[in-house]
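Undergrad: The chain contents come next:
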Amino acid sequence: MELLYKSWPWYVAGPVIGLTVPLLMWMGNKRLGISSSLRHICAACVPANIPLFKYNWRKEIWSLFFAGGLLLGGFVGGWVFANPEPVAISAKTSEYFSSFGIHQKSALMPEEIFNWQTLFSVKGFLLMIVGGFMVGFGTRYAQGCTSGHGILGLSALQWPSLVATCSFFLGGILFSHFILPYILAL
Amino acid sequence: MKKNIGYLLAGLVFGLALTKGEAISWYRIQEMFRFESFHMFGIFMTAIPVGAISIFFLKKFDVKTVEGEPIEKPKKDFHPGIIIGSLIFGFGWALTGACPGPLYSQIGSGSLVTIATLLSALAGTWVFGRVQHLLPGGQPKS
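Those protein sequence lines, which keep their order, are chains A and B.
If you count by our numbering, then the first sequence holds residues 1 to 186, one letter each, in order.
If you count by our numbering, then the second sequence holds residues 1 to 142, one letter each, in order.
Read the hints as simulated data drawn from the structure, not as lab findings.
Hints should not be assumed to be uniformly reliable.
Stated by the list, open to error - DSSO-like, lysine-lysine: derived pairs with alpha carbons at most 27 angstroms apart:
1) A:K123 x A:K92
2) A:K54 x B:K73
3) A:K92 x A:K105
4) B:K73 x A:K59
5) B:K2 x A:K59
6) A:K105 x A:K123
Just so you know, these numbers come straight off a predicted model, no measurement behind them.
This is chain B alone, in the form it adopts within the complex (with noise of 0.2 angstroms):
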């Protein structure tokens, strides 16, 4: 629980962050589809080094988590279905103005009718898991 509590404030921080950075905001997320401010790029082009340079020094030194484990590297694999999944997240994203974390934070803010679009995020989700078997794209394995 105590971890569980750890994780809780980890992502108040980063839906602090998100929420102060606009990055959650309906109008930042048109603003920079349309390439009319440096904002948002401006966030994904700190943010990225930011954690790539983090990495590479948890490596470097060896670091080891809070329980004394090796710290191991993410691995991303690919299949075709992050292309078609992504082009439809894309429009979702350019809809809503929110990816799934922006989704939680703009109901934090007090937007409270984006829980509907919350449910509707789990619907697709669903869907996504009843429909698979039919999808090309490969089927990611977990």
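Looking at chain A on its own, in the form it has when it is part of the complex (with noise of 0.2 angstroms):
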């Protein structure tokens, strides 16, 4: 029973979110990918005859039922079985987030900054409201994010999805390197 809440080392994890790449074609060749679900959500909702949003999106409606389940999968993962236990970050990381006001009372998020006051201060909106657009805004924009660069187009040996990977995860070391902290301190 006990099994259920823990958290799976990486070399369970991995090789199960790998498996959704096959799993997914050999169900009705699909592409692993969540960034479209937003593109998906735009065009239903506010396409504003804006060519990107200008498709029947219907067709794509697969896309939106995956999303759900990945909102059930953390439900079921994060809430149902959630682990009673803080995170197991290294000591060095832990350090830096104390240095902050940050401490891991959780697995998933800190509660300290992403909560609903936060939200309404400058550094809640740097953190989820300006964070978020960026990541729709660059995602689309490299019509591509973790799952559909980094898991299936490098599974896929794609070279374009390989200067992907290497871009976001270039973008997200210098930011956290060189931004967030002074973020953090606000």
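Once you've looked at the hints, go ahead and assemble the two chains, each given alone in its own frame, into the complex.
TA: Take a look at the structure:
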């Protein structure tokens, strides 16, 4: 029983994530990718005559069901069977977080900064609203995200996906080293 | 509808692996970008070969889809927007600790404030569509 609540080591989670690629191909020639679901929601809700959103999104409805599954997966794994232990990050990262008053009380999100009150502060606005905007804008510009380029594209040995993966890692590394500390200090 | 339930279940498995593997954890993403643990790299370094070997065998044994169609190999075209867009996405990933998939799973795990992040990601996607014709990097086809 206890096993259900435990976090999975990388050598369990990684292969399961990788197997999603052939699973979706086998189920109906579908390509693993989540950022496209954001596009379909835009196309369904506010197409506004924008060329990028003028297509039959109903044909891509599987992607919204897949996204719904991701939500359910988070619910089952992170709520119903939530790991009661705080995340087992390295001592160095833990020390870094402590210097900003962030303590690992949970496995997933630091409540100290991701809550409704901080959302309306400069810090929360930058972390959630500006951050979210860049995720949506950037992935559409790049036509894919960590799953579409990083997992699927690299699995299919597509060099443009390697360029994408290197670029978003570079972006993340630069940002978290040189800019994020100033935001966390706010 | 039956097929869509199948995709929902596939998403559930994927989301469960992301969640239980802590790939949706803001803490883990920071740790990864700071190169202070192998955990996240281990996930990528197992997921990609498993995906690649699977595609290889699907092709080698000419496996058909459930409906008997030939399986097409995924193809990604290059355009300079891949670099610019991915850099911007990387910044957002460092801030939110989430790529698009984890946004859904974070909400599911009870971080309801992430709904705001998701709405903002939708706004970002929409604004990209609105200003796409003004941006360098080519016009993505699809």
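Undergrad: Look at each hint and say if it fits the structure.
TA: So, going through the hints one by one against the coordinates:
For a cut-off of 27 angstroms, the pair hint linking K123 of chain A to K92 of chain A stands: about 23 angstroms separates their Cα positions. A C-alpha spacing of about 26 angstroms is found between K54 of chain A and K73 of chain B, which places the hinted pair at or below 27 angstroms, so the restraint holds. Proximity of K92 of chain A to K105 of chain A is assessed by CA-CA distance (about 16 angstroms); at most 27 angstroms being required, the pair is judged to hold. With a C-alpha separation of about 20 angstroms, the suggested pair K73 of chain B and K59 of chain A falls inside the 27 angstroms cut-off, and the hint holds.
At roughly 15 angstroms between alpha-carbon atoms, K2 of chain B and K59 of chain A fall within 27 angstroms of each other, so this suggested pair holds. For the suggested pair K105 of chain A and K123 of chain A, the alpha carbons sit about 20 angstroms apart, so the restraint of at most 27 angstroms is met.
Consistency note: the structure conflicts with none of the earlier hints.
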